[in-house]
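Fit chain B to the supplied structure of chain A, relying on the hints for placement.
Quick mapping for you: the protein sequence lines, in order, are chains A and B.
If you use the numbering used here, the first sequence corresponds to residues -3 to 243, in order.
If you use the numbering used here, the second sequence corresponds to residues 5 to 663, in order.
These aren't lab readings, by the way, just hints derived from the structure by calculation.
Keep in mind that a hint or two might mislead.
[Stated by the list, open to error] Listed next, the in silico BS3-like pairs over lysine-lysine satisfying Cα-Cα at most 30 Å (straight line):
1. B/Lys189 with B/Lys63
2. A/Lys2 with B/Lys573
3. A/Lys45 with B/Lys534
[As the list claims (entries may be wrong)] Restraint-style ranges between C-beta atoms, simulated for each label pair:
4. A/Gly44 with B/Glu323: 31 to 41 Å
5. B/Thr22 with A/His86: 50 to 60 Å
6. A/Glu223 with B/Gln616: 18 to 28 Å
7. B/Asn628 with A/Tyr18: 54 to 64 Å
8. B/Asn518 with A/Tyr18: 52 to 62 Å
Each residue gets a CB set at the ideal place from its N, CA and C atoms; glycine is no exception.
One letter stands for each residue in the lines below.
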Amino acid sequence: MNLTLKIWRQHDGNSKGDFVTYQVSDISTEMSFLEMFDVLNERLVNEGKVPIAFDHDCREGICGMCSLHINGRAHGPQAGTTTCQLHMRHFKDGETITVEPWRAQAFPVIKDLVVDRTAFEKIQAAGGFVSVNTGNAQDANCLPIPKDDADASFFAASCIGCGACVAACKNSSAMLFVSAKVSQFALLPQGQVERADRALNMVKEMDALGFGNCTNTGSCEAECPKEISIDNIARLNREYLLATLKK
Amino acid sequence: MSKLDSKIPEGSLEQKWTDYKSHVPLVNPSNKRNLEIIIVGAGLAGSSAAASLAELGYKVKVFFYQDSARRAHSIAAQGGINAAKNYANDGDSVYRLFYDTIKGGDYRAREGNVHRLAEVSNNIIDQCVAQGVPFAREYGGLLSNRSFGGTQVQRTFYAAGQTGQQLLLGAYSALQRQVGLGMVKTYTRHEMLDIVTIDGKAKGIIARDLVTGKLERHSGHAVLLCTGGYGNVFYLSTNAMGCNATAVWKAHKRGAFFGNPCYTQIHPTCIPVSGDHQSKLTLMSESLRNDGRIWVSKTANDNRKGTDIPEGERDYYLERRYPAFGNLVPRDVASRAAKERCDAGFGVGTSKMAVYLDFTAAIDRFGKQQAGKLGEENASAARIVELGKEVVKEKYGNLFEMYEKITGENPYEVPMRIYPAVHYTMGGLWVDYELMTTIPGLYALGEANFSDHGANRLGASALMQGLADGYFVIPYTIGGYLNPQISEKAIPTDHPAFVETEKNISDLIDKLMNIKGSKSVDHFHKRLGKIMWDKCGMGRNEKGLTEALSEIRVLRDEFWKDLRVPGEKMDFNLELEKAVRVADFLELGELMCLDALQRKESCGGHFREEYQTSEGEAQRDDANFMYVSAWEFKGDNKYEMHKEDLKYEKIKVQARSYK
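Looking at chain B on its own, in the form it has when it is part of the complex:
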């Protein structure tokens, strides 16, 4: 299909990126300063791209809805970042990281992109350390590693349970340095509401100043969307409250294809919902599965407290079903297994929609180790527990504290209750090898694109991908597009395309303000979330998805008839901000269901209940579905699907087993 050229370079897999970098056209430094790049979103991908491009000499403008780039939701990533350093001497390599990522993604990602990701992973760690990111270290002063799901090596670098924070602060400091040097201008409390295209190319954006309500036109030679994922379609997710899909969705409606919208990651270890008031869900890092053991009672509807259930009556179901990987199976597998136990009546806690994550064994193991170290050979059981708790605190203290603050329970004493929750979206704007969407000049980086994680992302790979795209990929690939434009002046923002796009957005805002119905934005958002969670969540089937499609359409009609947005449009109006975002979620939700409906197989995070093995494992259909679905917007809630066939030259495609 001519429309979908992934532009994967020729040559052997190991040489593709090296060869590409050697041949991509360059832009002379004196020309770079005349080229303007607009970046939307300032998380790991956006901040790292902005800093790196400004260092090269481009003029950069960055837009984000918070009051600081340091608040982007990358900040909340807990566990770590993968790299193929092999510092642990446990047999890791670029190939293994590449292989684990492809396999973890259930053979639905591009080989070329993923290999590049694995190649640059090591540069990321080097770069971050050079910036002063305080990673965890061993007593010898060298970097410490731990394990994450879906791998059998220790390749995850971390900074306590706050790795995302430290990496983002590193990228943010690099960004602020460029701000101080006058190379980057940041637009805080600004939300991009549309892309401006001229002759089919992205030439600027319309943004709303969230403080004054004023619409602004900004032109540039290229536009980078680094706006994260769309997990908030589900209302309840581990995303921040403000995370939204408006930028990618508006880009989609202007011609950017949407890749694999149905691939959603449900994270297995989140704090369970406590009531209808719940506004968001909180993740308990995957790193906890290094030492915590997941279990439920062997007896259905067991009402005993967790600590009252004897060892022999506990079902460590992940260790039972997947002896090779145990508690460290990938997220999709762990989530489905938890749902299976709860649906079968083995759930724990008052809601029965939870399983235990227990540190008793770890506390005992660490305690004994520590007693041995201290020469306390006859340490009492209580002393061992005391020492063990200290070690657990050192490793996971902030997570345990967070758990206690939210639930009021002390996880050092009673097992944590956890349940899966929406966490990440593997789908996103379709991009080629250069990270360009199907709109020339419009790029998507980080979670906003679809490219590297296939149908399931491995833990500690999101930070890696966001920073790979921003620090090490886009600075090279964008040159190829900008090189022919060096003599093009910045487009004046009174060009008719800017005027018209601004008017469309202005009309949209007026329309939302003038419905003057009776229901709040949250009312509609919660209902959409429930439809999506029930019918396009952890388990999906044809009947449910078909129902969801009509329910979403009905809900959308109701939204446009009965929404109430109080206040004024030319004002700091939080309800209006939410209304614009939810209007887009109400369309994107439909596309997610359409995509889930057409993919008649189970793969990664997409589990179609009709397609499973006799043991309840996901059943792929490689003969018919080994493709990326790339959806084209055809106007008026109509979409056409294009296919990008996936070819595996290096890796032997096989059933994904963690047993």
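Same shape as in the complex, but just chain A:
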């Protein structure tokens, strides 16, 4: 395959960025999207140029490090797939592919396609946990949990924290991310003690960090590589409301 790539290049957060066009040839359909980037970067290095910076690590769709807006879609055209698991067989020979970083006020660009997502760290630190010190636990089977609840909790917990929901949202809202964590614990008996505080504190932190509000467009769910359901947002709204009434 031969492709034309329009890639966002930006030296750092303080500089102005722009699209740069690259031609790549002899791309195998077996390659992953990031392997195609590897080929381009290898060429740039050999030409003595600075390669394109992009985030990636596990390359098996679980670490949440990879990002990229590909042809206007977070993680590219294939549903339920991270960029690292997107393969070139889903593109056509001769196609022009536009690649941009996540665009959100709360995710400033570090370089090229790399953005700073540590805002998620702060939200997590504000309440995304059960306060149990090591060594305090009772026997695991003392706490039976209905399978359906455990499964629903697991599906919420399978969020990889990549930030696609924020990037896909026109308001740059982090509601899907926050609601997934709140739901994981709200569905489990372990999460009950801190249930109200968790919802309040995580939402407060999210707002303080400059993420936008949710207007229920559903683009987060549509673009989430782990297909986290927007039902979680409904649950978060309920949790938040109940918590406000309690306090």
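Coordinates of chain B only, in the frame set by chain A:
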């Protein structure tokens, strides 16, 4: 040998850890808050240690190269975590988990450490459940278990095929809670580049801020390396792209002995290489071997499609060779058997370097079971397949999806093609019972140390060990070291040792930037990987290893003459990051070959072709090699080997058989 004191406590095996905990010196809470601990790496071992130590009141700083601790490669562990709960009522016990681990490791691990691991395994499950880790459950609400290789009980706890993710998110949430409480400070996008030692003790680190390129000095009363394994020496492995050995290697060069560097785990079930562009390999969880059957054609060079080969012409070679354990033999055994079939010309697929992992029988079995449950006594064959696929999807859905995304083939319809790939390194920094390296104050936890898996790790034991070290071992053992230091103030980072160590690293970076040659870092890394895979991989022999040693030296010289690192050093420079790591791999690869060369026996993941039985099984030499090789760095790519003899008091050492 006085240099290698493993500090295994006296007393009976079952009492060692209990007695140790009762007698280890403690640190008063008001003193803990004056003691600083540096943790490098934030996977299962690092995050769990950071959270647990901060809960105790220590001041903790955590460094990792990603933008979040949740991205550490523990996240990718799929299958599960072992514990001796015996919830399945199938005869499991702490002793059996201990025994299976020692045997699985081919009698090359320490009894004391492994018994402790088995003892705390149950606490881990309790702790994780308390944190809200959503493990798989049965309809009664209790935890579900499955089997893994090398065991005959069901002791593996899991969360679909994403157990590592859920456990890491549990440890990460505990860590972030401490961050929120101000007890831990995390340094994201920071890479540790050297250890600072003062009077022979670890007193801090030099780290590079990967965004700005600035070198930073950080001091602490102790340093914990939780930086994972070194499988990326091979370039292609199931490790994440950024996994590296720089922290452990720099520690080694500062005096920490390196234990058993040649012990590498090659995982039998990975998606085969598809071309030269390949950047990494993807694992298909060992849990699939619970229900999948592995086979090749009985005819060599059979070009038929898998689905066209009739049942009678299939060779289920693991079931044939190892009837007692069948498809669930340990990883080293399964990998070698796959290589043997492919080398003999029975491989499948276009590359012929693959075998089939087939779910047809499982789909049929589950389908019939399900039809029975639903009362559909006259279910058609198609209906049975439909029901069976639903069950398989429930158990392994995410793995099947991943396989389809990568290969473009639907594994519900055609058998998966799999081949062994580098997955885990049992070797690592030598540590004593307290997890301390030979540098006082420097600890190694999780995959970064060598201690618990001997020459081969059993499936679902890495998560167990990482969390055991972090949650339940280090919080006790570190007190013994820190207790005498309670009146010591934090070392100022303008101490000459910090200045000098920083300068060494700064010089190293300048040297890499100034080669200005013509080849990329990846070019050298791929060549190193090929040498290692061909000559220090699944099969090793004296000739190959000797060749590898000289080839690596030549490659290393070339690296230092012809490397090109574009960009600036005071910048976000991904090529420079890789260059530092590959420079270390080029040295570590040599040590791995040296170790493989001296170990003239086959054991676990280390298969020396000269030493095998007439049936092609690994042939140990207990009389001469029942020791841990612990390598000391002697400067200028020279190493001296020390031996820690292994003593088995509880277990009767015997030939390892899964037949």
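Structure-based check of each hint:
Proximity of B/Lys189 to B/Lys63 is assessed by CA-CA distance (about 8 Å); at most 30 Å being required, the pair is judged to hold. Note on A/Lys2 and B/Lys573: the hinted pairing holds, with a Cα-Cα distance of about 27 Å set against a maximum of 30 Å. Of the pairs offered as hints, the one joining A/Lys45 and B/Lys534 holds, with about 27 Å between alpha carbons and a cut-off of 30 Å not exceeded. For the hinted restraint 31 to 41 Å between A/Gly44 and B/Glu323, the CB-CB distance of approximately 56 Å leaves it violated.
For the pair B/Thr22 and A/His86, the supplied restraint of 50 to 60 Å holds, since their beta-carbon distance comes to about 57 Å. Remark: the range hint 18 to 28 Å for A/Glu223 to B/Gln616 is contradicted by a beta-carbon distance near 48 Å. Checking the proposed 54 to 64 Å range against B/Asn628 and A/Tyr18 shows it holds: the Cβ atoms sit about 58 Å from each other. Taking 52 to 62 Å as the suggested C-beta distance range, the pair B/Asn518 and A/Tyr18 does not conform, at roughly 28 Å.
In this structure, the earlier hints numbered 4, 6 and 8 are contradicted, and the remaining ones agree with it.
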